[in-house]
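Student: Chains L and C, in that order, give the protein sequences. Quick note: the first sequence, position 139, residue 139 per this note's numbering, numbers continuous. Quick note: the second sequence, position 125, residue 125 per this note's numbering, numbers continuous.
Please note that the accuracy of each hint is not assured.
Unchecked claim - Under the rule of at most 16 Å between Cα atoms (straight-line distance), these lysine to aspartate or glutamate pairs were calculated in the EDC-like manner: (1) Lys140/L x Glu127/C; (2) Lys143/L x Glu127/C; (3) Lys380/L x Asp2/L; (4) Lys227/L x Asp191/L; (5) Lys3/C x Glu126/C; (6) Lys27/C x Glu9/C; (7) Lys83/C x Asp191/L; (8) Lys3/C x Glu127/C; (9) Lys70/C x Asp108/L; (10) Lys227/L x Glu264/L; (11) Lys227/L x Glu240/L; (12) Lys70/C x Asp2/L; (13) Lys109/C x Asp115/L.
Said to hold, decoys possible - Here are some chain L residues pointing at chain C (derived, C-beta under 8 Å): (14) Met188; (15) Val189; (16) Asp191; (17) Gln246; (18) Ala247.
For the record, the hints were derived by calculation from the structure and aren't laboratory data. These numbers were taken from a predicted model, which means no experiment stands behind them. Glycine included, each C-beta is placed from N, C-alpha and C at the ideal position.
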Amino acid sequence: MDVAIVGIGIHPFGRTPARSGLQQGAYAARLALLDAGIEWRDIQFAFGGSASAGSADALVNELGLTGIPFINVANGCATGGSSLISAFNAIKSGQYDIGMVAGFDKHDRGAFNADPKELGIGQWYGEVGMMLTTQFFAMKIQKYMHDYDISTDTLARVAEKAFINGSKNPNAWRREPIGVEEIASSMMVNDPLTKFMFCSPSEGGVALILCRADHASRYTDTPVYLKAATMKSRRFGSFEVFAPSQALQQVDGPTVDAARAAFEMAGCGPQDMQVLQLQDTEVGAEIMHMAENGFCAHGEQEALIQSGATHIGGSMPVNTDGGCLANGEPIGASGLRQVYENVLQLRGQAGEHQVPGNPQLAYTHVYGAPGISAVTILQK
Amino acid sequence: MTKQVPIAEGLFTWPSATPALLASRCKRCGIASFPVADSCMACSGQEVAVEELPGRGTLWTWTVQRFMPKTPYHSNETPQTFKPYGVGYVELPGGVRVEGRLTESDPQKLHIGMEMDVVFEPYRTEENGDQVINFFFRPAN
């Protein structure tokens with residue numbers, strides 16, 4: 001039994017003082033129901049998550065008390081991906097015919113301040129100022145630039161592209177293009193990364209309606225099939241965020257593992273993907289994730305990015321909706337935003353940020369603390 | 001005399017004439033871990049021995065923290081007195097790569113592969129006057 005996505009809804013990302021995170025989730029859910037031409041009472045089950053905006057299952061207070069199982073998912077940046085895997089399996093198993101996946105969030109301004117204790121790390125680690133995701137990403141790209149000759153100009157070009165794509169996406173937060181020089185010369189945050197090279201915590205909501213593939217035509221003329229949904233945690237030896245130490249022998253991280261598993265599940269390879277949404281917590285992450293997901297060899301990003309290959313009209317379009325850099329990161333909604341964008345792309349409904357050439361296959365990838373990754377492959 | 005206390009028990013030998021970082025090494029697979037853990041993340045083994053890590057290693061990667069972190073950051077600084085600080089992973093031969101604060105925060109003076117010494121210095125002073133000692137990595141020579 002294949003699984004189809006037959007309804008999508010989004011609440012614009014950014015800052016919406018007038019609406020709570022939960023209300024933004026409900027807004028997205030109502031749009032997804034409308035898109036599928038159904039009502040909330042038609043939904044048989046739901047999975048959802050929010051990191052900072054309350055319990056996702058409180059959405060039933062907004063949408064209606066119908067008695068369905070609504071299961072909360074909390075998996076950091078992979079919350080949306082994990083909800084999607086759960087829904088995928090619930091339908092694939094034959095238990096349900098149609099259900100919803102929802103994610104929303106509303107974070108305070110400024111960098112996330114994670115609590116060491118929640119991750120089993122001593123309090124000292126936070127006291128001395130190492131409990132920061134931004135440091136990890138900076139140190140990872142610092143090492144990567146050293147090993148694979150990636151230039152600082154290439155870092156800035158990734159952010160430039162994100163803001164260009166954001167300017168074409170009406171649901172994006174940052175909708176003004178920013179020049180390479182301004183990006184490179186903005187305030188240094190964690191060397192070698194400047195202010196405009198990082199995404200910020202933000203707000204937003206996304207909901208998706210999934211159903212048995214053989215029922216999809218009841219709801220839509222443009223079903224998109226979920227060919228793979230995978231999630232992996234870190235293996236011993238990978239270099240991860242919030243790690244007081246790292247093994248001398250390095251192994252591939254969870255992104256590599258989640259990507260491999262997804263390609264195996266979908267029966268296709270990186271060369272078949274026509275639109276890519278890759279976790280871009282900051283510009284270095286996008287660069288490294290291109291190779292970790294299998295789309296190029298380590299070091300090839302320099303030439304690819306400098307040639308414009310990752311732009312919307314390029315041979316390998318990456319983060320066509322502006323990614324985390326232009327949308328910010330509401331943790332519970334971020335992974336589902338990528339899936340929303342790929343459904344738009346495969347339906348041919350992405351407007352100004354539509355990639356040309358009638359794409360058939362699209363890829364999403366998230367990465368987050370404490371070393372987790374989730375991938376999806378969608379097919380038209 | 002000012003009392004000096006370690007930032008956490010068991011991270012390093014303290015007090016000691018020759019303080020050192022402490023690691024646990026798995027008796028089954030031989031992998032070392034910092035800080036000391038009851039079980040082995042590599043092989044799930046539950047028998048470990050505690051050992052001292054070498055005092056000199058090489059800088060594996062680094063960054064400079066330019067903004068003052070929110071809590072749980074706990075120094076004696078205020079937003080006005082905050083000074084950027086270096087953070088890096090130092091590869092301690094035969095042991096493990098340990099993440100720690102660097103005594104150097106000038107990016108021009110930091111490069112991957114440089115030799116670093118482990119040093120133990122006051123990090124903050126508590127309200128009762130105790131000096132809290134933390135480990136740092138300092139460029140060798």
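Student: Within 16 Å, alpha carbon to alpha carbon, are Lys109/C and Asp115/L?
Tutor: Since the Cα atoms of Lys109/C and Asp115/L sit roughly 31 Å apart, the hinted pair is violated (cutoff 16 Å).
Student: Are the Cα positions of Lys70/C and Asp108/L separated by 16 Å at most?
Tutor: 12 Å, holds
Student: Given the hint that Lys83/C pairs with Asp191/L, test it: the Cα-Cα distance must not exceed 16 Å.
Tutor: 15 Å, holds
Student: Need the status of pair Lys143/L, Glu127/C: alpha-carbon distance at most 16 Å?
Tutor: 39 Å, violated
Student: Check the hint pairing Lys380/L with Asp2/L against an upper bound of 16 Å on the C-alpha distance.
Tutor: Distance ~12 Å between Lys380/L and Asp2/L Cα, so the pair holds.
Student: Closer than 8 Å between Cβ atoms is the bar; does Ala247/L clear it against chain C? Give me holds or violated.
Tutor: 7 Å, holds
Student: For the pair supplied as a hint, Lys27/C and Glu9/C, confirm whether the alpha-carbon distance does not exceed 16 Å.
Tutor: 23 Å, violated
Student: Taking the least C-beta to C-beta distance, is Val189/L closer than 8 Å to chain C?
Tutor: 5 Å, holds
Student: Holds or violated: Lys227/L with Glu264/L, Cα cutoff 16 Å?
Tutor: The hint holds at about 10 Å.
Student: Within a Cα-Cα threshold of 16 Å, do Lys70/C and Asp2/L meet the stated pairing?
Tutor: The hint is violated at about 46 Å.
Student: Verify the proposed pairing of Lys140/L with Glu127/C, using a straight-line Cα cut of 16 Å.
Tutor: Given that 16 Å is the threshold and the Cα spacing comes to 37 Å, the pair is violated.
Student: Lys3/C and Glu126/C were given as a pair; does the straight-line alpha-carbon distance stay at or below 16 Å?
Tutor: 10 Å, holds
The structure shown violates the earlier hints numbered 1, 2, 4, 6, 11, 12, 13.
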